[in-house]
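Visitor: Next come the chains, spelled out residue by residue.
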Amino acid sequence: MKQVTESAVEEICRRFGNERTRMMDIVIAVQDRFGCVSREAMDAIARALGSQRVEVESVVSFYSFLSIRPQGKVVIRLCNDIVDWMKGYETVAESMAKELGVTMGETTADGAITLTSTPCIGMSDQAPAALVNDVVVTHLTPERGRQLVRDLKRHLDPQQLITMIGDGNNAHPLVHAMVRNNIRMRGPVLFADFEPGSALRRTLALEPQAVIDEIKASRLRGRGGAGFPAGLKWEFARKAPGKRRYILCNADEGEPGTFKDRVLLTECPDLMLEGMAIAGYAVGSETGIVYLRGEYRYLLAFLESVAEERRHQGLLGHDILGKKGFNFDIRFQLGAGAYICGEETALISSCEGLRGDPKNRPPFPPQKGYLDQPTIVNNVETFCCAPRIMIEGASWFAAMGSPRTTGTKLLSIAGDCRRPGVYEVPFGISAHELLEMTGAENPGAMLIGGPSRQMIGSSRFDGRICYDDLATGGAIIIFNRARNQLEIAEHYLDFFIEESCGYCTPCRVGLILLKKAVHKVVGGAGEPRDLDEMRDLSKFIIETSRCGLGQAAPNPVLGALENFTELYSGLVAERKPGLLPTFNLSEAVVDAEMRVGRQSEYV
Amino acid sequence: MSTITFMLDGRTVKARPDQTILKAAEDAGIYIPRLCAYKDLIPYGSCRVCSVRVNGRIQAACVQTVTEGSVVESDTPEINEFRRNLIDLLFVEGNHFCMFCEKSGLCELQALAYRFGITAPRYAYLNPKRDIDLSHPDVYLDHNRCILCGRCVRVSQELDQKNVFQFVERGWRKRLQVNGEQLARTDLRVTDAVVASCPVGALMKKRVGYAVPVGQRLYDVRPIGAEVEMKGGK
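Taken in order, these protein sequences are the chains called A and B.
Using the numbering used here, the letters of the first sequence map in sequence onto residues 1 to 603.
Using the numbering used here, the letters of the second sequence map in sequence onto residues 1001 to 1234.
Extracted from the complex, chain B is given alone in its bound form (with noise of 0.2 Å):
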């Protein structure tokens, strides 16, 4: 297969025609960080976390495929501000607790922060008022972490073959819903692929409190990303 070539960070990346920046940077062992991209999934492009200067242009990483030749700037103080910025956003606009969270030391967000140095937002909390869902015998949604990525919605419809998310409402307003208004209602199975994917504590398995102590989970050992950056022999 044909390759192509691009400048990311200045280093030369060779990539397939039909890679967005996000894999082909991967596959050269370059992490670049995101929320909303997630394995397979048709890109979506909704976080902004992994924007990256193509050509001086702002682009998301995962929605935008390599062109031959093209400037890519990633790891630069300028990008890194607008990353740490939006993660902050995501912060404000829910309701995190991390210290009660049982997906702390496991949850993207939090190790996205922690990569980025962040202690506290720099943007006041909105401190909205959010649901519970406990409806389901095996499964639980909490809107109150929910960071609206869009993973439930595309993995119950692209991998589970089913339409148990959707968004609804528009702006400030959109929110996660589920079909029938309540998770017990909806055909979810606590098997199914979308249950894993959340990258936040929004959507979790109940009944699995702690299994692993705080302090030496996933992320608690390693940077969010260091998967991704040992294959490049960093």
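With the rest of the complex left out, here is chain A (with noise of 0.2 Å):
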């Protein structure tokens, strides 16, 4: 544990102008210098940004990638994604546990090495994994993880435990991972050749309205999930007031079984940051950013090499492939464990260095979104589909896909299955079709767009993934017919519950309600009044959320009452004497007698 001296935080706070704007760079430097972001460094950062600790804490007990307390010098983050469970998360978590003599979330006594759980880190297709620090291991086994935890203790490297390199460009010299791409099937829109500049050098012949003209009529919709059309979105930035705009990038796939970004930003960064100033030319912006989640951290300086490889090219920069005046470059902003900066809103908070709060909405960014400014943000996909259109042409693209979907979709796929990856397939596919091509085992139920979406039945797995039917922002999770799917939405509420912010009252306080009267009646002491309950408790956080996370949060509980409503009906029976809904007697008098210190009578 090194000691944080002023001077050296003071020299982090000018590397980033002193500007309050980049507390996160700021933290996350100090964090990766010292170990934590310990009380003396947050007043030291409050006394060079002119702010106060309060604020600084404010930003860094946020994000669980951060630290005031010191940790391990090496921190292991097992994920603790349902995927994750169903391949073994709870014997690789129990060796290494047992190895290293602590509990999850406990450090060693010499303080060495921190053990600690992470929802899913975009490895579904490799489960088990973890981060060790920024390194990521796959393929986790009990053996596995005992053997790492033995080389850790003596090496305390992380960079040694990478012995098996990746495919593709997971064994370029700057990402040297063992992450696999595993991409199942090669679309003609993302994985297709691609030169870089081919799509700008178009671009750059028409005017910026007929680009926007020409990504409207491919009908290009978002494919974050959820489904806005991409040309009205940059027209509205365009027309919009405003001083400066911005291009966000939402690199934050944080979707619980979502990885095909992590595919796009290994083999495709070129498409994207060419996506990107496709739209900074069409939106009249000079400055995009590039929202990476922490968890692909193993990803930063290869891409910031591709985008500098792209400023030698005239690809970035000045006078764009010659363009008087057009300038355009982008920054990448490190995220630090936070799945609600995935929303819109929130990333743009996280990018102004503030808490992972969302927004209120309206306005929204295309009218006043970073730094109060004229913003859009679009996901890796949706522009790394921009180059294609403008290359091949809007009726190219909108010629594929459904009607009223265009294009293709990067699906990642995992779960019970025997092909788990990526596969790139047109809108309208049917849900059937994707358990064939994957090699389904037994499937019983798929999750289609993550736990923020729908659970459907097998009597459902003729529908199509398009807007109107199976939206999706790419996750597919397929459960073979002995899973429990009351376990499952038991746990991804613990999910939203764990990652909720905390602004709103009904997300904030209703999830936990919602969690108690699932645990009663799960545990065998629900009422069928508790189903009703559960029911109106979940119509009434959907409804009263002030953002997407809190009104997606009751999903899989209202999906499991759905779709599977005989696993909770056999469940409850009526009981005397009736009690409050999300009241649990028994656990209330284990509770009564904990705080009292001895035992009641009650059996």
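You may find that some hints are simply not true.
The list that follows gives simulated cross-link-like pairs (lysine-lysine, DSS-like), each with its CA atoms no further than 25 Å apart [as the list claims (entries may be wrong)]: (1) K539/A / K1174/B; (2) K368/A / K1129/B; (3) K98/A / K73/A; (4) K1129/B / K515/A; (5) K515/A / K1023/B.
These stretches of chain B come out as covered by chain A in the derived footprint (C-beta under 8 Å, 3 or more residues) [what the hints assert, rightly or not]: (6) 1085 to 1095; (7) 1168 to 1176.
By construction, these hints were calculated from the structure, which means they are not laboratory data.
Each residue gets a CB set at the ideal place from its N, CA and C atoms; glycine is no exception.
Given two chains presented individually in distinct reference frames, assemble the corresponding complex, making use of the accompanying hints.
Guide: Quick look at the structure:
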């Protein structure tokens, strides 16, 4: 643990211009240097930025990868996503904990290694996986976990854990990761050959409005899941009054089960950066930001090198491709473990150096976004589509897919199937076809679009992937018939509870009460009216929550109630006396006993 | 100045185009219940008690600006049920003992509960363990009663030009934190606007206990919102 020195913190703050809006970069750099962001460090940051310590603390304490208290020199973050559970999370966690002599969340006595868990790190196709500092380790088994800990104890160097190198750019020296791409199906939009600059050249021959018209004509819709027409968004931002305009790329895919942007970032970074530059030209922006989730930090150096190469090629920077007055450059903004930052206004907050709280809407980002200026936020995949549309033409793109959902979609498919990985498929493909393609084993349910979307049972396997039917940002998880759907729903509810920002009442408190109701029923203490209460509470949370997280968080519970009604109803019975729906008598007795420090006579 | 017109619970209401639904309603003598909204602070929209249905969609009236011709529902059984739930949630999230609380009768949370006829929450209490900060000579902070509305955070910044309070952590762990851990170590003065801004009994002046007897206090004698409704001649 290095001594925090005022001058070192000052130097870091200076590197980011002593800008309050660069708080994320500052606190991440401080943590890199000193292992945590201690109170002394927060004081020093506050002094350098003319802020207060509590303001720094409000940011640091929001992000799960940032820590005020010292952590181990090496932090093992075992991914606890549902797919990892299905592939043996529990036994891996147990063997690692045993080998370290700690329980989950603890640091070894010598302060060397911390073992903790984290939600989906974007490796569902090679689960169980973990982050060891920034290094990704995949396909863990209890034996490998034990060996990993033994090795770490010896050298405390996560880099040395990498023995096998992945395919494609995972083998690039700046990536050097054991991650595998698992590209199972290559489509014409994302994975066809691409020559950097070729789309920009065509773009710059047009007027900006003509570029927007082309994107509009392609009917490209946002690939993050919401499906807002991209061209329209760009047009709003172009026409909105503002001093500057910003192009933000959402590379914060955090929806459990999603990993398709990981593959695009690894294999198609030029396509993405070119898409951003095209958007910059169309919207009239000079500045782009790629918001990269902290889990994908292992890709950062590589991505920065790609951007640097593009500067050398005249594809980023001043007078791009010789076009006088078209300046556009980007920076990467690293996240630090907060699912909510995938929500576009929370992402903007984070880029501004704030807690990842979503903002009030309207105004929407195209009117007033980053630093209160017109801003477009698009997903990695959306930007990757733009260059192809500029090269091949809007009608080529619109001819693919289904009528109201054009083009292809990159899906990340994992769970109970033989061929997990990414598939670039035309929109309109049926769930049933996906099960065939992936070699699904005895499928009983599919989670389309992750827990914030919908779980479908076999009766809906004829549904089609598109915005009018089975909408998805790309996450698809297959569950076989033996999987316990109630456990799955509860697991995802826990995920949303942990990832809620806590800003608004219904999401912050309502989800806890929903969890209590679910827990009561699953524990066998429920009454039929508890099921009604779960529905009412869910509807209330969905209606009154401030952002998409709260509006989606009850979906796993509602979905299980709808699709697997018999599972819940089999657990409830009329009981006397009637108790409050979220009240669990036996738990309350245990709680009371603990508080008063003696046993109750109640049995 | 130009005015726009919208419908609120079947009444035609005129408003300035930049007004929030909450303020426009207030000017028309219609009270929309609220907790986090306070004076002229930048609208925040965290408690959601002022939820209304605008053209079919639930929105917070304190942050949503009026739009020409929009149809707003506020005093409906459905919306009032949502509000009741929200008030319940805030009660069970903290530790609120009205009978021992100096704020009783002046507390906006309690007053809203009265207005909505809540005698007991419909959910089980969460009974969290929270601290009390008595370090400051003139002011105390009882986290048990804090409803995380953020008024103090914003008043300290926007009106007092200080930065005494902030939220730390997230989700259900989110809590109010003062600069430098303890109130005594902050630059808070008892004369700061923030001291009077707390809607509940979380941030309170010391040594002023029961100057007005319980039973004769503001919301003991008339319901919260009456001051707005009287303006409207109701």
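Visitor: Would the pair K1129/B and K515/A pass a check requiring their Cα atoms to be no farther apart than 25 Å?
Guide: holds (19 Å)
Visitor: For the stretch 1085 to 1095 of chain B, does the count of residues with a C-beta closer than 8 Å to a C-beta of chain A reach 3?
Guide: holds (count 6)
Visitor: Mind checking the alpha carbons of K368/A and K1129/B for me, to see if they're no more than 25 Å apart?
Guide: violated (40 Å)
Visitor: Compare the distance between the alpha carbons of K98/A and K73/A with 25 Å, and conclude whether the hinted pair is satisfied.
Guide: Holds, at about 19 Å.
Visitor: Would you check the hint for K539/A and K1174/B, treating anything up to 25 Å between C-alpha atoms as holding?
Guide: Status holds; Cα separation ~24 Å.
Visitor: Given the hint that K515/A pairs with K1023/B, does the C-alpha gap stay at or below 25 Å?
Guide: violated (36 Å)
Visitor: Test coverage of the stretch 1168 to 1176 of chain B by chain A using CB-CB distances below 8 Å; three residues minimum.
Guide: holds (count 7)
Hint compliance for this structure: hints 2, 5 are not met, and every other hint is.
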